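J.: Note that the protein sequences, when read in sequence, are chains A and B.
Oh and the first sequence: position 489 is 489 in the UniProt record's numbering, straight run, nothing missing.
Oh and the second sequence: position 352 is 352 in the UniProt record's numbering, straight run, nothing missing.
Don't read these hints as lab results, they were simulated from the structure.
Since the structure is predicted, the reported quantities are computational estimates derived from the model, not experimental observations.
Certain hints may be false.
Only part of the chain A face toward chain B is listed, based on derived beta-carbon distances under 8 Å [claimed, not checked]: (1) Val254; (2) Lys256; (3) Met260; (4) Leu290; (5) Gly291; (6) Pro562; (7) Pro566.
Glycine residues also receive a C-beta, built at the ideal position from the N, C-alpha and C atoms.
Okay, here's what each chain looks like letter by letter:
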Amino acid sequence: MAAEDLPSEFDVVILGTGLAESVVAAACSRVGQRVLHLDRRSYYAANWASFTFNALLTWIQEQQEGPQPEQGKDWSSLLNDGEELIHLSNPDLDSITNIQVLSYASEEDEEVPDTAKEETSANSQLEAESTGSREEESAEAEEESAEAEATNTKGEEPEVDQSHPGASSGPSEPTRKKISYAQLLKEGRRFNIDLVSKLLFSRGSLVDLLIRSNVSRYTEFKNVTRILTYRHGNLQQVPCSRADVFASRQLSVVEKRKLMRFLTSCIEETEMDQAYSSQPYSKYLQDQQLGENLQHFLLHSIAMVTEDTPTEAGLASTRHFLRSLGRYGNSPFLFPVYGLGEIPQCFCRMSAVFGGIYCLRHSVSCLIVDKDANRCKAVIDSRGQRISCSHFVVEDGYLGSRSSVTTPTRLLSRAILITDSSVLPSDSEQQVSMVTIPPGEVCQSAVKMVELCSSTMTCMPGTYLVHLTCQSVGSAFEDLSQLVTKMFQTPESQEPGGRPSVLWSLYFNMADGSVPGVEGQGLPSNVHVCSGPEGSLDHEHSIKQAELIFQRILPDEEFCPPAPNPEDIIYDGESPTPSAEEDSVKEAGQQEESGGDLKEAGQQEESGGDLNPQLDQ
Amino acid sequence: MHGRVKVKTTAQQEEEKRKEREKKLKIYVAARDACFSKRKEGVCDDEALQLTQQLLSSNPDFATLWNYRREILMHLETVKDRDEMQNIYEAELSFLEACLKVNPKSYGSWHHRGWVSARLPRPDWARELSLCDRCLSLDDRNFHCWDYRRMVVKVSGVPVDQELEFSDRLIGSNFSNYSSWHYRSTLLPLLHPQTPEAGQEPPHASSPRGPQSHRVCEEQLLKEYELVQNAFFTDPNDQSAWFYYRWLLGRAEREETVSCVYVSREDERVAVAFSRPVNICDLPPGTINDVANEHNLTVHWTGSHTHRDCALYTGRVESWCRDTATDQELFRSELSVEKTSVLQSELQSVKQLQELEPLNKWCLLTIILLMRALDPLGYEKETLAHFQTLKQVDSMRSEYYSDLCSKFMIENTILKMEYAEVRVFSITDRNLTSLCHLDQLLLVTHINLSSNRLQRLPPQFAMLQCLEVLEADNNFLENLEGVYHLPRLQEVSLKNNSILSCRCSFRAQISVSSGTPVLGIGSFCDLCSYLAAYK
Chain A
1 MAAEDLPSEF DVVILGTGLA ESVVAAACSR VGQRVLHLDR RSYYAANWAS FTFNALLTWI
61 QEQQEGPQPE QGKDWSSLLN DGEELIHLSN PDLDSITNIQ VLSYASEEDE EVPDTAKEET
121 SANSQLEAES TGSREEESAE AEEESAEAEA TNTKGEEPEV DQSHPGASSG PSEPTRKKIS
181 YAQLLKEGRR FNIDLVSKLL FSRGSLVDLL IRSNVSRYTE FKNVTRILTY RHGNLQQVPC
241 SRADVFASRQ LSVVEKRKLM RFLTSCIEET EMDQAYSSQP YSKYLQDQQL GENLQHFLLH
301 SIAMVTEDTP TEAGLASTRH FLRSLGRYGN SPFLFPVYGL GEIPQCFCRM SAVFGGIYCL
361 RHSVSCLIVD KDANRCKAVI DSRGQRISCS HFVVEDGYLG SRSSVTTPTR LLSRAILITD
421 SSVLPSDSEQ QVSMVTIPPG EVCQSAVKMV ELCSSTMTCM PGTYLVHLTC QSVGSAFEDL
481 SQLVTKMFQT PESQEPGGRP SVLWSLYFNM ADGSVPGVEG QGLPSNVHVC SGPEGSLDHE
541 HSIKQAELIF QRILPDEEFC PPAPNPEDII YDGESPTPSA EEDSVKEAGQ QEESGGDLKE
601 AGQQEESGGD LNPQLDQ
Chain B
1 MHGRVKVKTT AQQEEEKRKE REKKLKIYVA ARDACFSKRK EGVCDDEALQ LTQQLLSSNP
61 DFATLWNYRR EILMHLETVK DRDEMQNIYE AELSFLEACL KVNPKSYGSW HHRGWVSARL
121 PRPDWARELS LCDRCLSLDD RNFHCWDYRR MVVKVSGVPV DQELEFSDRL IGSNFSNYSS
181 WHYRSTLLPL LHPQTPEAGQ EPPHASSPRG PQSHRVCEEQ LLKEYELVQN AFFTDPNDQS
241 AWFYYRWLLG RAEREETVSC VYVSREDERV AVAFSRPVNI CDLPPGTIND VANEHNLTVH
301 WTGSHTHRDC ALYTGRVESW CRDTATDQEL FRSELSVEKT SVLQSELQSV KQLQELEPLN
361 KWCLLTIILL MRALDPLGYE KETLAHFQTL KQVDSMRSEY YSDLCSKFMI ENTILKMEYA
421 EVRVFSITDR NLTSLCHLDQ LLLVTHINLS SNRLQRLPPQ FAMLQCLEVL EADNNFLENL
481 EGVYHLPRLQ EVSLKNNSIL SCRCSFRAQI SVSSGTPVLG IGSFCDLCSY LAAYK
């Protein structure tokens, strides 16, 4: 496609493949709009992207080098009378700042460090054997193609360091075999490292949308298995479901009863006591005869609000949390297998299935605006082609300073760690943990931490991927490194302890996308702006934004109705009824052979597959 | 609209579906008829196996077909060798898995799976266990799967402690599952049996407890109390935890005894009370015909190897020998075995829950039971108050609570009577709705049941063989069937009841005041004619 010109006319041109843009693309294609979806970058999902370890290193390098200077071309020759240009800029210009990388893994794949030499020969033999099997294992794994489906059951085996005799004496012991930087590089494609860290509420708008639109068929999810909180320097499991409360060892039976009663009454949405309408939620909780422990859980881990959030809002977020519980498991959150970057791509895929055209490394240089109507008539792409459109949707980064003149830019502080064990080891190594660290505990602002295990297909077996997010006060490193030093083992850690070691870490600041409104400053009325990721844990902001934009573009159309089953689609040139009969004749024949309905399911799969190659990767 | 994907209309889809259904039905019926005719002819071939498979995979509840399939398989066993059969049965198992996906609660499929597993030359029990685990993770209350799993565990000899861990796991993920709790109650006595020396021996444990004892050692019991308390504090409305709790608190098996032997010289009568219904032989004629002699009677209960002696000395007109109701556990068989200290601390924690949940019926009922076990007379007032609350919060079962309360009141009255060593039983104005423990009233001569809510004097009332005076004014008695065969009865007072005669159905105001002509009640007819005359 590279050499060919694009069609010169579309209904909607979308620039940027972030979540909101991708949802708009899917929604528009679904109802028959001709959609052109572009991204200047070489990867999907903009700041929502997930990278393999190696791709992340490349991304870091690109960010640190800064953008390539663009030659300002003169497009005025493409203008007609009464038209003017709006120039777009590079989205990566200032959305990511303060990148800092700290690698603690040893460079080479070294054997046991010196201090462990005194181990018995039997042990070192075991070591040698296990190393051997590990190498074989990884070689084998490499042979298996990089198919996304490659299960990790194989990958779990090489965790010999767990069974190593030295491991029992604590992870800080030098006998433990560390994963080296070389290994991280070698196994780099087992990582899917998200730039943003978010989760899906089981009853949140994104899950609803995924189900309603049938986009859910393109991806898989894992349940977050536990909710933890950091309090007085200790990690505690937050009992939130009925089973958790039952199993909790920290709560007395009376506390259990009080907590359950409070939670049950919250779900029932009874009239809130008017006396608390102007009081903070923390005060309300205090007055419910709940212990300090329970108040902490409810405020910071369940409602996830601050001390001064009003009662009404606190109750609403508590309710949201509770309603999401139990839909898919014992926690209210889902995490997409292979990382969050999957989700925008799923919507892109849906758009492509319904005819959307996709080009990466392809941007829009400027917009052509009809001066009188103040509408965008067309765009000029990075190759200098004029493409007319009736609507233009754009990621705010491309607008440069235009999008954020009035609001001072807020930033998010992010840290991404690769560690060698879980912050709270348990029976199962495959835990997905959501950790809340209340403000003031270590950092000034509340920190949300998500620890992913290897079965989420986001990190290599034997490692954990930890995401930390908070509102910036200083740089990401200033904001978060103290917490990292406290909760994990780094060379900076003062006292040694059985904490997980950090193998590699990345700090950076990202622009907070929580700007209100979708209308850019002084932009034509048919230009719609999507903001980047914001700091909240959920996806409500982007989904609402996408729906709003869709309604502005197509006020009379349904937003993402269910995609039809492939067998119900009528293809060009075939009349519906006879073909249906042909099909059923064929099916009947097969039924007589095998007698099963299962065959039909297979056929569906096949015909579904026919549609998919349209997706331009 | 341009570019829009064209989709079949609903009508089109419906029509397609209808046609498809029709076609399926035709195929199904044809296959079924073929199967039936083959079975009739006694054909046991591969084709029949295939046909039944086809039918059963869409309808796994077709029992006749499963039977036919078993006939075919048994026939194959006679013609094929071991390895071939292994393959055939393994294929059968994977076919059954598909059936269970269609209906995870199909009796036929589970039964057939059990049958196949038992006949498999080289069974793979681990695979069966993991199948059960998968099924239970989808529906942890699928009792078909529970049944099958128990069979697998038994045959493959899974260690009991492993099974207890399994129950831990299921309860941990969802404690509203009585299947798991009940399973625990069968495992614990095997894994942690009560050691004979530990704990206070129940008073009647002089005879050694059989291997079927259902008791659990105290250390484990305390752990179980903690576990189950966590459950009912987390969700006090979940009944499975409460039922398990009641089991834990101990239900003593009442020992079989001859509880009372009564001899009367003038009536030439021996009355024996057994702890459960028995068939008895006739009294040998002439046992107590001698007016003056001393008699030594021994009643043997051969079924339960117990006996009781009773001596009627010279010059005495009657004599008896019995257990006294004051013996500690007579009425505490509901929860009796535990140590008082344990019960006391359990009562404390359940009371704690009741403070938080004053209207929870399970909590109230458990408190009542614990109080009964600890000190029935001392807690009488509190017990009655809790019954009042119970009837209000659970009005659907208020009559059940009334009956239970009556039972407890009667027990208390019997205790009081025993302590006073009298043969007068009086329980008036207590809202009694039913009578029980009548076997304990064998020796009572005077009973006063006035001002209660009794509707009948049950046939068991005939156990009151020494009864001379019956007062039951101000009740709702409708018939008097229990007044049969009371040989000593002399006075009856039944004022203000709703007696309906068996012959003439009218409402009668009966007043038989004491002192008025004594009604010799030889038979029910006498009373009826008396009633008729009274009208």
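J.: Quick check on the hint: A:Gly291 CB to chain B CB, less than 8 Å?
T.: Given a least distance of 13 Å, the restraint on A:Gly291 is violated.
J.: A closest beta-carbon separation below 8 Å is what the hint needs, so does A:Pro566 meet it against chain B?
T.: violated, 10 Å
J.: Hold the hint about A:Met260 up to the distance rule: shortest CB distance to chain B must be less than 8 Å.
T.: Hint holds; A:Met260 Cβ to chain B Cβ min 5 Å, cut 8 Å.
J.: Does A:Val254 pass the interface hint, meaning its C-beta sits closer than 8 Å to a C-beta of chain B?
T.: Hint holds; A:Val254 Cβ to chain B Cβ min 6 Å, cut 8 Å.
J.: Was the hint right that A:Lys256 lines chain B, CB cutoff 8 Å?
T.: This hint holds: A:Lys256 lies near chain B, its Cβ roughly 5 Å from the closest one there, short of 8 Å.
J.: Would you check whether A:Pro562 satisfies its interface hint, that is, whether its CB is within less than 8 Å of any CB in chain B?
T.: Violated, about 10 Å.
J.: Please verify that hint: A:Leu290, Cβ, nearest Cβ of chain B, below 8 Å or not.
T.: violated, 12 Å
Hint check: violations occur at hints 4, 5, 6 and 7; the rest are consistent with the structure.
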